[in-house]
Amino acid sequence: MRIAVINETSAADKNADILSALDGRGHTIINAGMTKTGASPEMTYIHTGLLSALLLELKKVDLVVGGCGTGQGYLNSVMQYPGVFCGLITSPLDAWLFGQINGGNCLSLALNFEYGWAGDVNLRFVFDRFFSVEIGCGYPAHRKESQGQSRTTLSSVSSTVHKPFADIIRELDDSVVGPVLSYPGVPDLIDVGSIDDGELKKALNERLDGTKG
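Take the sequence shown: its position 196, counting from 1, is numbered 207 in this note's numbering, and each next residue is one higher.
Check before you lean on any hint, since a few could be wrong.
[As the list claims (entries may be wrong)] For each label pair, taking beta carbons as the anchor points, the in silico distance ranges come out as:
| no. | residue 1 | residue 2 | range |
| --- | --- | --- | --- |
| 1 | Asp73 | Gly35 | 15 to 23 Å |
| 2 | Ser169 | Arg36 | 36 to 44 Å |
| 3 | Asn87 | Thr39 | 41 to 49 Å |
| 4 | Asn87 | Leu200 | 34 to 42 Å |
| 5 | His153 | Met90 | 36 to 44 Å |
| 6 | Ser157 | Asp24 | 36 to 44 Å |
| 7 | Val187 | Thr46 | 38 to 46 Å |
[Stated by the list, open to error] In silico PhoX-like pairs for lysine-lysine, Cα to Cα no more than 20 Å straight-line:
| no. | residue 1 | residue 2 |
| --- | --- | --- |
| 8 | Lys212 | Lys47 |
| 9 | Lys213 | Lys71 |
| 10 | Lys155 | Lys212 |
| 11 | Lys47 | Lys71 |
| 12 | Lys70 | Lys213 |
| 13 | Lys155 | Lys70 |
| 14 | Lys47 | Lys213 |
Derived from the structure by calculation, the hints contain no laboratory data. Just so you know, these numbers come straight off a predicted model, no measurement behind them. Where is the CB? At the ideal position from N, CA and C, for every residue including glycine.
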């Protein structure tokens, strides 16, 4: 599985804890967010929400691990975009149930609120439980069919109620798009030349040209 770790500014100091908690599980980890406090340009949860959704839309990653101080801001930010199914994960049980029942592709972590002694240990336990189950397998077992149908329906709802991603990139204010597309490593990660969606490719090229000017 390709996993993007996308920290925002208030939780940049927890980046190393997340990487450590994911280490040794056999996944490809892409450390795409703020890796240290004070990095420039600064990305808040507004920016990391867009970056997370864009990487999922482009199928550059299979899962995003994000969050913020409480996890609530990032959750609300990333869920504004199509194709994102995010859960606020504060405990191993949350992770275990979310993976099975909701089959999500994005985790929002509370990285300051109640992140005290052994907070890094709790992170490892969260990932232990999340990766211990088949994503979307259903829980309890007799609810598998119904939950699978609901997940499919939710995907359809997301596609219906959101604008195409190319329109989103074109219409968002530069205060949102600019810091994301100019963040070190992001243009290479997006790799616009490899994008099949012609309209999204064009929209991103237009905005990238703007960040260079």
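Status of the hints after comparison with the structure:
Between Asp73 and Gly35 the beta carbon distance is about 18 Å. The supplied range of 15 to 23 Å therefore holds. Between Ser169 and Arg36 the beta carbon distance is about 28 Å. The supplied range of 36 to 44 Å is therefore violated. Checked against the hint of 41 to 49 Å, the pair Asn87 and Thr39 fails, with Cβ atoms roughly 28 Å apart. The given range of 34 to 42 Å is broken by Asn87 and Leu200, whose C-beta atoms sit roughly 24 Å from each other.
At roughly 29 Å, the beta-carbon separation of His153 and Met90 lies outside the given 36 to 44 Å, and the hint is violated. As the Cβ distance of Ser157 to Asp24 is approximately 42 Å, the hint placing it in 36 to 44 Å holds. Our hint of 38 to 46 Å for Val187 and Thr46 is violated, since their Cβ atoms are close to 21 Å apart. The suggested pairing of Lys212 with Lys47 is violated, with an alpha-carbon distance near 30 Å, which exceeds 20 Å.
Our distance criterion of 20 Å between C-alpha atoms is met by Lys213 and Lys71, whose separation comes to about 18 Å. Among the hinted pairs, Lys155 with Lys212 is inconsistent with the structure: their alpha-carbon atoms are about 38 Å apart, more than 20 Å. Using a Cα cut-off of 20 Å, the hinted pair Lys47 and Lys71 is violated, with the two alpha carbons roughly 23 Å apart. Pair hint Lys70 plus Lys213 holds up; C-alpha atoms about 17 Å apart against a cutoff of 20 Å.
Distance hint between Lys155 and Lys70 is unfulfilled; the C-alpha atoms sit about 26 Å from each other, more than 20 Å. About 32 Å separates the Cα atoms of Lys47 and Lys213, which puts this hinted pair outside 20 Å; it is violated.
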